[in-house]
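*Asks:* Same order as they appear, the protein sequences are chains A and B. Sequential numbering of the first sequence, starting at 1, is according to our numbering. Sequential numbering of the second sequence, starting at 177, is according to our numbering.
Hints listed in this document are in silico derivations from the structure and should not be mistaken for laboratory results. Bear in mind that the values here come from a model prediction, so they are computed numbers and not experimental data. Just so it is clear, CB atoms sit at the ideal spot from N, CA and C, and this is done for glycine as well. Careful, some of the hints might be misleading.
Cβ-to-Cβ under 8 Å is the rule here; a few derived chain B residues that face chain A [said to hold, decoys possible]:
1. R182
2. L183
3. A185
4. A192
5. A194
6. D196
7. F199
8. V200
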Amino acid sequence: MTSGRPDAVLVAAARKGSDAAFTALVTRHQQGLRGFLRRLCRNHALADDLAQETFVAAWTSIDGLRDPARFRSWLYGLGWRLAASRFRSEDRRKAREEAYFAEQVGAPGLSPEDRVALESAMSQLPPDQRAAVALCLSGGFSHTEAAEALGLPIGTVKSHVTRGRAKLLEALGETP
Amino acid sequence: MTNDDRLTAFFAADDAPANDPAFVSGVAEAVARRRLRVGLALSGALAVALGAVTWAIAPAMDDLGGVLTTPGLPVAALVVVLGAFGPQILRGITRLAPTRS
Chain A
1 MTSGRPDAVL
11 VAAARKGSDA
21 AFTALVTRHQ
31 QGLRGFLRRL
41 CRNHALADDL
51 AQETFVAAWT
61 SIDGLRDPAR
71 FRSWLYGLGW
81 RLAASRFRSE
91 DRRKAREEAY
101 FAEQVGAPGL
111 SPEDRVALES
121 AMSQLPPDQR
131 AAVALCLSGG
141 FSHTEAAEAL
151 GLPIGTVKSH
161 VTRGRAKLLE
171 ALGETP
Chain B
177 MTNDDRLTAF
187 FAADDAPAND
197 PAFVSGVAEA
207 VARRRLRVGL
217 ALSGALAVAL
227 GAVTWAIAPA
237 MDDLGGVLTT
247 PGLPVAALVV
257 VLGAFGPQIL
267 RGITRLAPTR
277 S
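With the sequences and hints as input, model every part of the structure.
*Replies:* Structural data, given as structure tokens:
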């Protein structure tokens, strides 16, 4: 049984070739990683593809993880770098965002107007600011963990979260 | 409903399922494909290396041919032994042989 073991133990077993241990890591972190990438990419299908690529990259390079106890921030860092490389193709991203808007059916507890306003505001945030917001406001990451995952100074992450949150609230009509 | 509640609802719409066997299976398949590609690449490199070694020692083997009754047998034996045990050696330094636990 691997599900209750700490990440560091599972990482050690995965390094020795245990597929069960790696599958346990995937099962444990898939929800959080996919949520982060969905908030970052604004496209669920693309985000899930990136999440799968991220896990494969993690399997390939798990021997390079220095501190197994920090598997989560290392994993999200891999995902962030994969997503950031996709963002360099800006035109394709915009096309995907438009497709995403079209496919959205709504969020429970949120009016369509609010959803569209937040979607637009979120899409207009710079990618690193959006990533910081996604990790810290909804991903349960501390500023320190987010800084480690995104490879940014902690002060920058704090600033990104504060400014990003202010922009999202502004989209809901809240004055700064 | 406060604006923070609206933000929470907005973010919650992007949540993935807590249990998603299809996604986990997809990752396992992708890892298996990657493992196969790595294994094939290593086997190819091993084959090239064995070919180079065979080519390099061929003259020496020709000389030994006068001593041994069957010319080419040492080379064949070397290729067979390395072919049989080479992958096991490589598995030790890579993760080509997954365990179940």
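*Asks:* Take the hints in turn and mark each one as holding or not.
*Replies:* Cross-check of the supplied hints:
For R182(B), the shortest C-beta to C-beta distance to chain A is roughly 5 Å, which falls under 8 Å, so the interface hint holds. Hint status for L183(B) relative to chain A: holds, with the closest Cβ pair at about 6 Å, below 8 Å. The closest approach between the C-beta of A185(B) and any C-beta of chain A is roughly 4 Å, which is under the 8 Å cut-off, so the hint is satisfied. Because the smallest distance between the Cβ of A192(B) and any Cβ of chain A comes to about 4 Å, under 8 Å, the interface hint for this residue holds.
Checking A194(B) against chain A by beta carbon gives a least distance of about 5 Å; that is within 8 Å, so the hint holds. Because the closest C-beta pair between D196(B) and chain A is about 6 Å apart, less than 8 Å, the hint holds. Contact between F199(B) and chain A, as hinted, is supported at the beta carbon level, the nearest pair being about 6 Å apart and thus within 8 Å. Given the 8 Å rule on beta carbons, the hint for V200(B) holds: about 5 Å separates it from the nearest Cβ of chain A.
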